[in-house]
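As a plain string of letters, each chain reads:
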Amino acid sequence: MKHLLSTADLAKDEAIELLDTAAQMAATQSREIKKLPTLRGRTVVNLFFEDSTRTRISFETAAKRLSADVINFSAKGSSVSKGESLKDTALTLHAMGADAVVVRHWASGAPYQLAHAGWLDAAVLNAGDGTHMHPTQALLDAYTIRRHLGGHGGGLRRGGDDGVGADLVGVKVAIVGDVLHSRVARANVWLLRTLGAEVTLVAPPTLLPIGVEAWPCRTSYDLDATLADWQPDAVMMLRVQRERMSGGAGAFFPSPLEYTRYFGLDARRLAVLPAHSIVMHPGPMNRGLEISAEAADSDRAVIVEQVANGVAVRMAALYLLLSGSTTPATEGTAL
Amino acid sequence: MTTTYVLRGPRPLGGEPADVVLADGVITQIAAPGTADVPDGSDVVEVAADGYVLLPGLVDLHTHLREPGREDAETVASGTRAAAAGGFTAVHAMANTSPVADTAGVVEQVWRLGQEAGWVDVHPVGAVTVGLGGERLAELGAMADSAAHVRVFSDDGKCVHDPILMRRALEYVKAFDGVVAQHAQEPRLTEGAQMNEGVVSAEIGLAGWPAVAEEAIIARDVLLAEHVGSRLHVCHLSTAGSVEIVRWAKGRGIDVTAEVTPHHLILTDELARTYDPTFKVNPPLRTAADVEAVREGLADGTIDIVATDHAPHTREDKDCEWGAAAFGMTGLETALSVVQSTMVDTGRLTWSDVARVLSANPARIGRIDGTQGRPVAVGEPANLTLVDPAATRTVDGRAQATASGNTPFAGRELPGRVVATFLRGRATVLDGAPVQAPTGSTAVGGGVR
Amino acid sequence: MTAGTGMPGTPDPRDVPEGTVVLGASDVARALTRIAHEIVERAKGAQDVVLLGIPTRGVTLAARLAQRLASIDPAFDPERDLGELDVTMYRDDLRRQPTRAVGVTRLPAAGIEGKTLVLVDDVLFSGRTIRAALDAIGDLGRPQAVRLACLVDRGHRELPIRPDFVGKNLPTAQSERVRVLLAEVDGTDAVVISGREPGAVVPGEGGER
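Chains as they are written, first to last, in my numbering: chain Z, 1 to 335; chain W, 1 to 449; chain B, 1 to 209.
I should point out that these hints are in silico values taken from the structure, not numbers from a laboratory.
Model, not experiment: these values are computed from the prediction.
No residue lacks a Cβ here, since even glycine has one placed at the ideal position from N, Cα and C.
One or more hints might be untrue.
Claimed, not checked - One-sided excerpt, in silico: chain Z residues whose CB lies under 8 angstroms from chain B:
no. : residue
1   : Glu17
2   : Thr21
3   : Ala26
4   : Gln29
5   : Ser30
6   : Arg31
7   : Leu36
8   : Tyr319
9   : Leu320
10  : Ser323
Stated by the list, open to error - No farther apart than 30 angstroms at their CA atoms in a straight line, the calculated lysine-lysine pairs in the DSSO-like style are these:
no. : chain 1 : residue 1 : chain 2 : residue 2
11  : W       : Lys318    : W       : Lys158
12  : W       : Lys174    : W       : Lys158
13  : Z       : Lys2      : W       : Lys318
14  : Z       : Lys34     : Z       : Lys2
15  : Z       : Lys87     : W       : Lys318
16  : Z       : Lys87     : Z       : Lys34
For reference, chain Z alone in the conformation it holds in the complex:
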């Protein structure tokens, strides 16, 4: 694996290797000394063209736990302000000897361009691009689902501790909310499908993209029916951006109240779910909009754990991208 750009590129064995490696990384994080020497001498650049303190801190923690040198590069210049171009930034990072670039960008495809334009030869990790992809978020979601639902899905029994080695065959995941603008939803649909889970997207029709029928999942406009009839094992609530409600005639739904009424997860809807089911949210939450406080704070909610798992998953991604040689070993360095 040279880059981590999209979950659609991940083969099943690669995805499982990432999750299994994350499990070993997680094990090291309960120790008193959490730092590993693995990536000593390697440089990881966090290149953020869009504010995301949470994601940046998670990647920074992951890189530091692996002893990499971390450089934070905040380039908030947008297309409007025409700051330093993506290309010049890439050339700068190349000159500084970055081994990996973790990139968050408002433009869909910017990480793909960084990886393929020939501007730098570092490994590129997509930390969220526009409305396209957020692979490490999907991986930490899959990791969290696997940990909790080991034993519920038909395919999980093969796994050992925390589901290590297992796929997600038979697990049913409902992803609810603003699918149209969500890189988290896109990343999850493809990864969960690759791992064998079934996915239903639940949203008002205005928040499902035209063309969604080609995605490897089903869709519904009815959260209540999906919860009651389909009985998902995991429910992933997506953040609803406030600006989706404004814009007058272009608003995607009439009011926050109406959205909550039909698509919010509350105690009543929580009660419909199977006993083993879990509630997820990529954060930050709008309490009272897409998720009620009761649901967010219930013992079904694994939202805080998702954050912790994010560090382990990002350690795994950095390890797998940076530890190996880029050329095949010629001679065995015998130990």
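Please build the complex by placing chains W and B on the supplied structure of chain Z, with the hints as guidance.
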């Protein structure tokens, strides 16, 4: 004294081979191969044209020359040189310059620059509204009456979306036989749009540009044109639905003409998966089904012309994120090859049809058909293009005559090669290379009958 | 990673590599028994001993040693006092090899603090794996002492590391390959040496040194 050219053995409009002699700006002889009567004198050039196709000089109804304002991307001189290299003898220069070509002064400036360059006839397009603002009509009459003799009006790049303004424009230009060339893009449906809305946009997360945003405007405009009895030209139609609407309108007798670009005849939205902004264009690349529909529309005459929408951009406007990049791609030097590849080599158009969609029809729509888009016949102006259809070439953006490198065909092998272009009997391209024009050439202004 | 399918003692011919068998099944068993006794003797009993196997075959060897220790000194609990230590993330050659999968590290519930920790590996060669293991242990706690047991010491050390307990000292050429086969993984117990011709070294899989 002008050079006399004797073209040996080309096939006019792809028909039977003949010798064709050009002298004093006109076609003076068409004779059986080897029998042309060559005049005495030292200034006679024989051109071996065996197997080549002779077409009337190509006419582009939709070119962005960028001057004045963005001379870093293209100038009238560089853009028209590219046009000649592509086999064109006339281009219509779009109005979205800086300043906008919305006054007699600006269109006359562009017209004069075209004359000075001497590569092709440059016919400025006038803006429909002041500053392309879409709020009030520009002085259309003054532009029509100017030395530039403007007959085509367009806010291209922006849509004349206000229905009452569009109605007024359609009506007003009737006084001087003008035409409004509409850039059909409903602005509200395309806010922030980046690419065709469909399966690919949903997957790769670029904001979608629905086909209906184009089709709704075309539908409205053909009905408006019918109501006020005006002629309407639809720029760069790109969807199957648009073809259907124009077909319906023509069936009803509405005076509408339509154009398709070379890139919409061959490229699809799958290319957006590369996130390479070279493929970012307005209107966006559509699906394979749309490509098939526009080919069919061009073949059956629903679509009247192929126009390049040649849109040069500087490196910095394309070497960036897709979302930050400019819309547009160059096309003057690849248009004929794309038409040959998609329409001629597939048997859907003859070379005679190519002359119709790339020369006669655009000249007629632009009302320059007194001098351009003429038949290949004795006594006609010697505006001609000589094409070697058997040649193939690999497109290299840096090797093109245009000042910008944003061709979507870089690295692609395309059939056909423009061997020579003649503007009123003078070679602007010979042996496939542009021939530096003498300054102060005697272009015929406006070409209005 | 899966256990060998062959039954112990019924070697699958596919699993026996070409080369010279230098230790047979009974030699391996005797060596382990001797090492077990030496560990108890050195530690003056086995009540504070923890065995940590280094994957893959070191884990198997540690499990066998644990059974022997328990039979010598009942204070040793082969469930409680046995663990495994993956050193992948401490290796110094990560950038020179294809990406390695990170293995499992499992420590006794009581930890390693104050214990006499015995690292178990199959073949001791350059010493770099043991260097990585010592670094890993340093991050896990502070044992009272760390000792090293290996089935074969083939020499060619690149670091100042010396085993405390050795099954067999095996002089080799640098270019030779030494493989430890264990019934649980390979279907048979043996130590095999091969590749007498120089330049025949192939990047090793687990158990090849």
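Quiz item: Hint by hint, which ones does the structure fall short of?
Solution: Per hint list: 3, 4, 5, 16 violated.
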